[in-house]
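Participant: Residue numbers for the sequence shown follow this note's numbering, beginning at 1380 and rising by one.
Simulated from the structure, these hints should not be mistaken for lab results.
Hints may be right or wrong, so weigh each one.
[What the hints assert, rightly or not] So the derived label-pair ranges between C-beta atoms look like this:
(1) LEU1530 <-> MET1578: 48 to 54 Å
(2) LYS1426 <-> TYR1584: 54 to 60 Å
(3) ILE1431 <-> HIS1682: 21 to 27 Å
(4) ARG1432 <-> SER1700: 28 to 34 Å
(5) GLU1621 <-> LEU1495: 47 to 53 Å
[As the list claims (entries may be wrong)] In silico DSS-like pairs for lysine-lysine, Cα to Cα no more than 27 Å straight-line:
(6) LYS1426 <-> LYS1575
(7) LYS1531 <-> LYS1426
(8) LYS1585 <-> LYS1575
If you're wondering where the values come from, they're calculated on a predicted model, not measured in any experiment.
Even for Gly, the Cβ is constructed at its ideal location relative to N, Cα and C.
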Amino acid sequence: MTTDNNQKSSTERKSDNYPPSCWDHDFVQSLESDFTRKSKYGIRAGKLKEDIRLRFVLNVQHKASNGSLSSSSSSLLQLINTIQRLGFSYHFDDEIRDALDAIIKENDIVWEEADLFTRALRFRLLRQHGYGVSQRERVLEEVQEFTYGLLKEYLSLSKEQQQEANSKTIVTKRCSEPKNKEELVMDYGWMADYCKSVMEEAKWYKYKTTLEEYISNAWMSVSGCIISSVAFFVLTKEPTKEALECIMDYNSSEVRWGAFTVMRLTNDLATSSVCELKRGDVPTAIQCYMHESGVCESDAREHIKLLISETWMKMNSDKFSRSVFSESFIDSMQSIARASQCIYQFGDRYGVGAES
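Sequences and hints are given; from them, build the entire structure.
Facilitator: Here it is as structure tokens:
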């Protein structure tokens, strides 16, 4: 009996050895909000959205009647920029698209009369929304290392300053539509692929795989195939046959594969190698590259950062190509990549949540 107890106590738990989180189920369920659609705040928000739509219409009409560069063009750009920075531009996708369609039709020579801020804002917004406007200079990737160093210095100076609503209804509604009933069957395949990727990762316990093999499986083991498929059906109003075929092909879109590759690699950079070894986790991308190339950990981390940068370049070029996916879906994939870099920028706060 004593021998059995000793064997049970020495059993390795691998990745189960995480400290408890304060965000338990009861705590999350206790959170309440008065900011619902039917509250006074929701009614006020609806009125403000209508006011903004009216501003879009008036500015576009004024610009069309003027026929040249006017204050309405500058006002439209600043309005779009403000809405995007506040984080609710998704309410005005059609209005923003109509406004940018009108602005892109203007002659570039006319914009030479505008001030530097307005010209730079026009260039950024048009490129951000997939318009093929030229920057009239060489691609600035060559100065990335220079700007990266300056940003690190700036962040070190400001280090002291660091510091389920309608989603279920939307998914249920989308899945109940006749045109999506056949598509819903695809989710079973994605779930099976996700389970296979997790099982494949489990087989790597105490085994060092190659970096290429790790990355090809890693984007799926972070549930990339499931999250992207849900986002596709929620954000795509009228999915085309080509889009449905591409969503079934995991390698058809760089922006889909790249978003979750960035998520996995960013997580690997933030995770402590010491804590992983104690928990018995499978090797990360850093450890795979160290074993494969025989380099030190710091060099391996720099290589992973380079892979993240190259993945972002592929995602951006895919966005500016004629993609079969909707702009809102592509934006959501890029937002996932940006969010993962934001979440893990100061290290792992999940695996060592209680200690931090």
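Participant: None of the hints should be skipped; say for each whether it holds.
Facilitator: Hints versus structure:
{"no.": "1", "hint": "LEU1530 <-> MET1578: 48 to 54 Å", "result": "violated, 40 Å"}
{"no.": "2", "hint": "LYS1426 <-> TYR1584: 54 to 60 Å", "result": "holds, 57 Å"}
{"no.": "3", "hint": "ILE1431 <-> HIS1682: 21 to 27 Å", "result": "violated, 45 Å"}
{"no.": "4", "hint": "ARG1432 <-> SER1700: 28 to 34 Å", "result": "holds, 31 Å"}
{"no.": "5", "hint": "GLU1621 <-> LEU1495: 47 to 53 Å", "result": "violated, 41 Å"}
{"no.": "6", "hint": "LYS1426 <-> LYS1575", "result": "violated, 48 Å"}
{"no.": "7", "hint": "LYS1531 <-> LYS1426", "result": "violated, 42 Å"}
{"no.": "8", "hint": "LYS1585 <-> LYS1575", "result": "holds, 19 Å"}
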